[in-house]
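K.L.:
Take a look at the letters that make up each chain.
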Amino acid sequence: MQRAAALVRRGCCPRSPGPWGRSQSSAAAEASAVLKVRPERSRRERILTLESMNPQVKAVEYAVRGPIVLKAGEIELELQRGIKKPFTEVIRANIGDAQAMGQQPITFLRQVMALCTYPNLLDSPSFPEDAKKRARRILQACGGNSLGSYSASQGVNCIREDVAAYITRRDGGVPADPDNIYLTTGASDGISTILKILVSGGGKSRTGVMIPIPQYPLYSAVISELDAIQVNYYLDEDNCWALNVNELRRALQEAKDHCDPKVLCIINPGNPTGQVQSRKCIEDVIHFAWEEKLFLLADEVYQDNVYSPDCRFHSFKKVLYEMGPEYSSNVELASFHSTSKGYMGECGYRGGYMEVINLHPEIKGQLVKLLSVRLCPPVSGQAAMDIVVNPPVPGEESFEQFHREKESVLGNLAKKAKLTEDLFNQVPGIHCNPLQGAMYAFPRIFIPSKAVEAAQAHKMAPDMFYCMKLLEETGICVVPGSGFGQREGTYHFRMTILPPVEKLKTVLQKVKDFHIKFLEKYA
Amino acid sequence: MALRAGDHSQVAMNGLKEKVLTLDTMNPCVRRVEYAVRGPIVLRALELEQELRQGVKKPFTEVIRANIGDAQAMGQKPITFLRQVLALCVHPDLLNSPNFPEDAKRKAERILQACGGHSLGAYSVSSGIQLIREDVASYIERRDGGIPADPNNIYLSTGASDAILTVLKLLVAGEGPTRTGVLIPIPQYPLYSAALAELNAVQVYQDNVYAEGSQFHSFKKVLTEMGPPYATQQELASFHSVSKGYMGECGFRGGYVEVVNLDAAVQQQMQKLLSVRLCPPVPGQVLLSMVVSPPAPSDPSFAQFQAERQAVLAELAAKAKLTEQVFNEAPGIRCNPVQGAMYSFPRVQLPPRAVQRAQELGLAPDMFFCMRLLEETGICVVPGSGFGQREGTYHFRMTILPPMEKLRPLLEKLSQFHAKFTREYS
Chain H
1 MQRAAALVRR GCCPRSPGPW GRSQSSAAAE ASAVLKVRPE RSRRERILTL
51 ESMNPQVKAV EYAVRGPIVL KAGEIELELQ RGIKKPFTEV IRANIGDAQA
101 MGQQPITFLR QVMALCTYPN LLDSPSFPED AKKRARRILQ ACGGNSLGSY
151 SASQGVNCIR EDVAAYITRR DGGVPADPDN IYLTTGASDG ISTILKILVS
201 GGGKSRTGVM IPIPQYPLYS AVISELDAIQ VNYYLDEDNC WALNVNELRR
251 ALQEAKDHCD PKVLCIINPG NPTGQVQSRK CIEDVIHFAW EEKLFLLADE
301 VYQDNVYSPD CRFHSFKKVL YEMGPEYSSN VELASFHSTS KGYMGECGYR
351 GGYMEVINLH PEIKGQLVKL LSVRLCPPVS GQAAMDIVVN PPVPGEESFE
401 QFHREKESVL GNLAKKAKLT EDLFNQVPGI HCNPLQGAMY AFPRIFIPSK
451 AVEAAQAHKM APDMFYCMKL LEETGICVVP GSGFGQREGT YHFRMTILPP
501 VEKLKTVLQK VKDFHIKFLE KYA
Chain A
1 MALRAGDHSQ VAMNGLKEKV LTLDTMNPCV RRVEYAVRGP IVLRALELEQ
51 ELRQGVKKPF TEVIRANIGD AQAMGQKPIT FLRQVLALCV HPDLLNSPNF
101 PEDAKRKAER ILQACGGHSL GAYSVSSGIQ LIREDVASYI ERRDGGIPAD
151 PNNIYLSTGA SDAILTVLKL LVAGEGPTRT GVLIPIPQYP LYSAALAELN
201 AVQVYQDNVY AEGSQFHSFK KVLTEMGPPY ATQQELASFH SVSKGYMGEC
251 GFRGGYVEVV NLDAAVQQQM QKLLSVRLCP PVPGQVLLSM VVSPPAPSDP
301 SFAQFQAERQ AVLAELAAKA KLTEQVFNEA PGIRCNPVQG AMYSFPRVQL
351 PPRAVQRAQE LGLAPDMFFC MRLLEETGIC VVPGSGFGQR EGTYHFRMTI
401 LPPMEKLRPL LEKLSQFHAK FTREYS
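Chains H and A, in that order, give the protein sequences. The opening residue of the first sequence carries number 1 in the UniProt record's numbering; numbering runs sequentially from there. The opening residue of the second sequence carries number 1 in the UniProt record's numbering; numbering runs sequentially from there.
Keep in mind that the hints were calculated from the coordinates and are not lab data. Treat the hints loosely; a few may be bogus.
[Claimed, not checked] Taking lysine to aspartate or glutamate and the DMTMM-like style, the derived pairs with C-alpha atoms no more than 20 Å apart in a straight line are:
| # | chain 1 | residue 1 | chain 2 | residue 2 |
| --- | --- | --- | --- | --- |
| 1 | H | K364 | A | D24 |
| 2 | H | K418 | H | D304 |
| 3 | A | K169 | H | D304 |
| 4 | H | K256 | A | E18 |
| 5 | H | K364 | A | E175 |
| 6 | H | K58 | A | E34 |
| 7 | H | K196 | A | E34 |
| 8 | H | K196 | A | D24 |
[Stated by the list, open to error] Now the stretches of chain H that chain A is said to cover, found in silico as 3 or more residues with beta-carbon under 8 Å:
| # | segment |
| --- | --- |
| 9 | 107-113 |
| 10 | 129-136 |
| 11 | 353-366 |
Positions of the beta carbon are idealized from the N, C-alpha and C atoms, including for glycine.
All chains should be built: construct the whole structure from the sequences, respecting the hints.
P.N.:
Here it is in structure tokens:
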């Protein structure tokens, strides 16, 4: 009724009903009848346009699924339509999705998930007892004993307890409190939630967030969305992408001029760089955060992906604790993990957790409140996380197969990491730092000045130009370094090491051939 | 570690005051957010449950969570076919099992073919698995009597809440007097007010229509049937979820949004925004696929599926009717007909002395009422102030979901409490 009145006031009139006019539903007829006065309406502008939309959202970029990936999708469609190309398939080496590239899920994990999904299977002789036991435990902790109920917003209680137990074991006995554990919809969800709570202030007191360059572009995307200030600290490429506290200090000092830097983000093992931080480095970072009053975010989703025999994963939580109470009682820390990486590769389940340390109790209340608006993380992802932190142990029926599968996946990844590093370093004009962990290579590529000019003529970053050409000529899709950040005048790309070994060798060979040709063309 | 000697005691003294992240330094928009459905009354309900577990004596033996639209938590059984297909997708070894019907296996295989690496474990495209988006489009067309739906206008989401928040996020812009305003119904589902608080600026119950003579009409269908200029210019986003209906699969976080007449460049922006979170949970996408393309009459699983579905909806309809009836028998409680969804939102008379007492305690009067109800009966409902209501009126929202045999006693207990409360404050 109000709408009709408004229309009358404005003197507008809708045109006669469209092709469905005769068989209009009663609802449409009723609505039309209400609008008795039908003045003419000129074509009007849309309410939601690029100009009127949220400017923060416009500023967001996420290279991992950005323009080059859209192009890859178009090319795939062309291939499907039978258009001839110099290749027969597009290789999606842009995203850390192991199972999409053929990695098999861990049998035990899927058995427990199936039992939870369809509990009739608890009567089936085809499932081992240890899987059934875990499934029953999870289901009993769910409302109505079903994965279909909402869980508490912080996550199913017993799963949080299992996560805490896992952390304690992982960290050599350093205790974890289930109350500090929040299950999340993948790690991305936890990271963006924490950042959201942290961002405040305006103008020169707007929150600054320190992030590594190169970074996983979730961070820059969330910072854009939240209209926070991005503060870059550069990893040292000449030194295996090491983190240097002097560089942290430099970045912080400069930032203080134009923002209020409150947050320091660390990715360990690194994405895209693959470096694994030494214990000493972690201590230095913690001391820096303590000294400069920074909230620490430790993105540790690749904690199971450590390949170099000289490297070991040390959690920020453990090191913090072992540095003694002056630090462990004061430094505010949020650490993140996920079901998407490691040996599991369960990206589609969107499972993850964060452990928060030394958060103000009122802030924890605010955190739960914020999470409650989305009700809860997907319970199937929570269940997947539970199996990750509570896997079969020696003596259990499923242990041998589980262990074999896990070692096979990780061994395979380690092999591919070495293979990739070695092959890239054989190519003139490509230099690849050791892949100590994670699942990516981030080689530096030499792009001749003629190519840089050509890129500029196309209004593209030089490494985007390179990657586009690579995609168009070989079907290989990687992400240009400009999507992750890099020192001015340097160029990189990020490629996953996930294709199966034989295919990976072919891919690396093709990249090598392409690169040599590219150098010749733009010499 | 270069700690200066005097620092130790200073640091030890600082304690909570010195934190980086406090109520004062946090995001003020987040601070303003409230979500009553899981708000203070529910936190109290959790505490009471804890006390019961510890053996503390109460005037009740269990807390009844009638605050949240979670059917399976209240005993509603999942639909067998849905869980069969999902289990087959989760553990494809089961495709060889004789204990699963053929149609479930065919559906599972079809979905797995559409997944990266033929696995639920791969990320999907950010707008959802293409095949499932096509299934959703077909469903919408059938539902709306043939009005076409374009799969490219369909985005799968992590429950409907996720899609609603995404669309609102796109819309909010401007500053001061040009800040975006969003009209919401009062009473409303407090996701909307929470989202608007957070951003510093819906039709989910399609299957739950009970009242005779009531029928669900989608906004998309009516819009289209009204013809141009409405059909061609009015921007619309419509949302659906697997959490409600006859499915009740809240925990899987499945849903979709259909956008109509959106600017193409804006749609690209939406896709970009979604890509940062990678994709909605794939199991939720699979369940949605089953909801929009259930067994057909000729399929082996049809009979059981249909029977289960009808049973759930019939029971909900009966509970809706019962709720309305019992509440309307109580003096001082008036309940409008529960035509759809899964809640009653009765208006309650509260004596002026109770209102006064509430104010003394710094509580909204209906929050005071609901807290007392909870403490004395274990029944947890959400005060109307959490949803919004006209000044001077009081309500509460209670789900109709408790099992049938428990529902009448609960409704009567609540009515009796109200009578007692009224006498106490007269």
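K.L.:
The structure should be examined with respect to each hint, and the outcome stated for every one.
P.N.:
Hint check:
1. K364/H to D24/A: holds (14 Å)
2. K418/H to D304/H: Measuring from Cα to Cα gives roughly 17 Å; hence the hint holds.
3. K169/A to D304/H: violated (35 Å)
4. K256/H to E18/A: holds (19 Å)
5. K364/H to E175/A: violated (30 Å)
6. K58/H to E34/A: violated (27 Å)
7. K196/H to E34/A: holds (16 Å)
8. K196/H to D24/A: Holds. K196/H to D24/A sits at ~14 Å (cutoff 20 Å).
9. 107-113: With 3 residues close enough to chain A, the hint holds.
10. 129-136: Per the Cβ count (0), the hint is violated.
11. 353-366: holds (count 6)
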